[in-house]
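Asker: Modelling step: build the complete structure from the supplied sequences, incorporating the hints.
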Amino acid sequence: MSEPKEAGTKCAHCGTSIECCEFCDESACQAAACFECVNEALGQAVPQPHTHGG
Amino acid sequence: MYDYATGKLDWLAAGLPSEGSNASRPRAGDVARSDVPTCRMDESLGDVRERVGAAGWNACVVVNEEGVVLGLLRSKELGGDAAVRIEAAMRPGPSTFRPFVAVEEMAEYMIEHDLESAPVTTSDGRLVGLLRRSDAARTALELRQKEGGAG
Amino acid sequence: MPQEIDREELRMLVDQGAQLVEALPAKEYGEDRLPGAINLPLGRLGKEARDVLEPNRPVVVYCADSA
Chain A
-3 MSEPKEAGTK
7 CAHCGTSIEC
17 CEFCDESACQ
27 AAACFECVNE
37 ALGQAVPQPH
47 THGG
Chain B
219 MYDYATGKLD
229 WLAAGLPSEG
239 SNASRPRAGD
249 VARSDVPTCR
259 MDESLGDVRE
269 RVGAAGWNAC
279 VVVNEEGVVL
289 GLLRSKELGG
299 DAAVRIEAAM
309 RPGPSTFRPF
319 VAVEEMAEYM
329 IEHDLESAPV
339 TTSDGRLVGL
349 LRRSDAARTA
359 LELRQKEGGA
369 G
Chain C
78 MPQEIDREEL
88 RMLVDQGAQL
98 VEALPAKEYG
108 EDRLPGAINL
118 PLGRLGKEAR
128 DVLEPNRPVV
138 VYCADSA
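Residue numbers (the working numbering), protein chains in the order written: chain A, -3 to 50; chain B, 219 to 369; chain C, 78 to 144.
Everything labelled a hint here was simulated from the structure, so no lab data went into it.
Please note that a few of the clues may not be correct.
Label pairs and their in silico Cβ distance ranges [said to hold, decoys possible]:
| id | chain 1 | residue 1 | chain 2 | residue 2 | range |
| --- | --- | --- | --- | --- | --- |
| 1 | C | GLN80 | A | GLU15 | 40 to 50 Å |
| 2 | B | ALA241 | C | ASP83 | 19 to 29 Å |
| 3 | C | ASP92 | B | GLY297 | 45 to 55 Å |
Some chain C residues near chain B, calculated using beta-carbon distances under 7 Å [to be verified]:
| id | residue |
| --- | --- |
| 4 | ILE82 |
| 5 | ASP109 |
| 6 | ARG110 |
| 7 | LEU111 |
| 8 | PRO112 |
| 9 | GLY120 |
| 10 | GLY123 |
| 11 | TYR139 |
| 12 | CYS140 |
| 13 | ASP142 |
Where a beta carbon is used, it is the ideal one built from N, C-alpha and C, also for glycine.
Answerer: Written out as structure tokens, the structure reads:
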């Protein structure tokens, strides 16, 4: 699969191509992180065990 | 039986009391400075810079009439052309962080990413305050020293 | 089928004595939970609810979010 030309960098945690670091908004950030990795690291997203069965 | 569908994150994001091991640890919303200067998009950079400087700050948060964060002016942005409108000078749509995030985590990340300040907002984008790296780092260090005892 | 409620409705139910149940794993429950909530992870909810919950008080179950 070819890399998207518009992507600025890659997430240092999961390797996802991103425009800029979602923590500091800088495209040249050496520790760039994607939105999901930032949220998970900061506890802004808590993992679900599985969906409600109802 | 009832299902509180929006769940724990909704409750925490609203700044409501909680229990658990994280409850007693300082959070971003506790340490963020609510007295950070704010401004509107239609003001001039020169006017805002003067007001921010007089207040002893080097950052300003751009908000709308409902207090929703639209942008950020850090040292670099505040140093621009005085005649320019804030809308053109600001850093739009900055990453924001929820009040319940642990300050220790924020401090670690702000140091790693060399981020001098970070807006803390509610889940609907309203400004709670500006978390400064120095404040986050100091709080994290005090907590470590307290928990480490004499070290 | 449980009735979905929002935060304000939850607060009213809690004022009326509702029992709160967090259905997440114990680790998440230990770190952050709503005041007074007990922990019944989803896999145990069906089996243990009858033993742990009072039948004459409303019960509110929650997870992390609606995702």
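Asker: So, for every hint listed, does it hold in this structure?
Answerer: Right, here's what the structure says about each hint:
Range check, GLN80 (chain C) to GLU15 (chain A): Cβ separation about 42 Å, and the 40 to 50 Å hint holds. In this structure the hint that ALA241 (chain B) and ASP83 (chain C) lie 19 to 29 Å apart at CB holds, the actual value being about 23 Å. At about 52 Å, the beta-carbon gap between ASP92 (chain C) and GLY297 (chain B) stays in the expected band of 45 to 55 Å. With a cut of 7 Å, the hint placing ILE82 (chain C) at the interface with chain B holds, because the nearest CB-to-CB distance is about 5 Å.
With a least beta-carbon distance of about 5 Å to chain B, the hint placing ASP109 (chain C) at the interface is held under the 7 Å criterion. The interface hint given for ARG110 (chain C) holds, since its Cβ lies 5 Å from the closest Cβ of chain B, which is under the 7 Å cut-off. Interface hint status for LEU111 (chain C): upheld, as the beta-carbon distance to the closest one in chain B is roughly 6 Å, under 7 Å. Against a cut-off of 7 Å between C-beta atoms, the interface hint on PRO112 (chain C) holds, since the closest Cβ of chain B lies about 5 Å away.
Given hint, GLY120 (chain C) at the interface with chain B, is violated; its Cβ is 17 Å from that chain's nearest Cβ, farther than 7 Å. Checking GLY123 (chain C) against chain B: minimum C-beta separation of about 12 Å lies over 7 Å; hint violated. Taking 7 Å as the C-beta contact cut-off toward chain B, the hint placing TYR139 (chain C) at the interface holds, the least distance being around 4 Å. Given hint, CYS140 (chain C) at the interface with chain B, holds; its Cβ is 5 Å from that chain's nearest Cβ, closer than 7 Å.
Look at ASP142 (chain C): its Cβ gets to within about 4 Å of chain B, closer than 7 Å, so that hint holds up.
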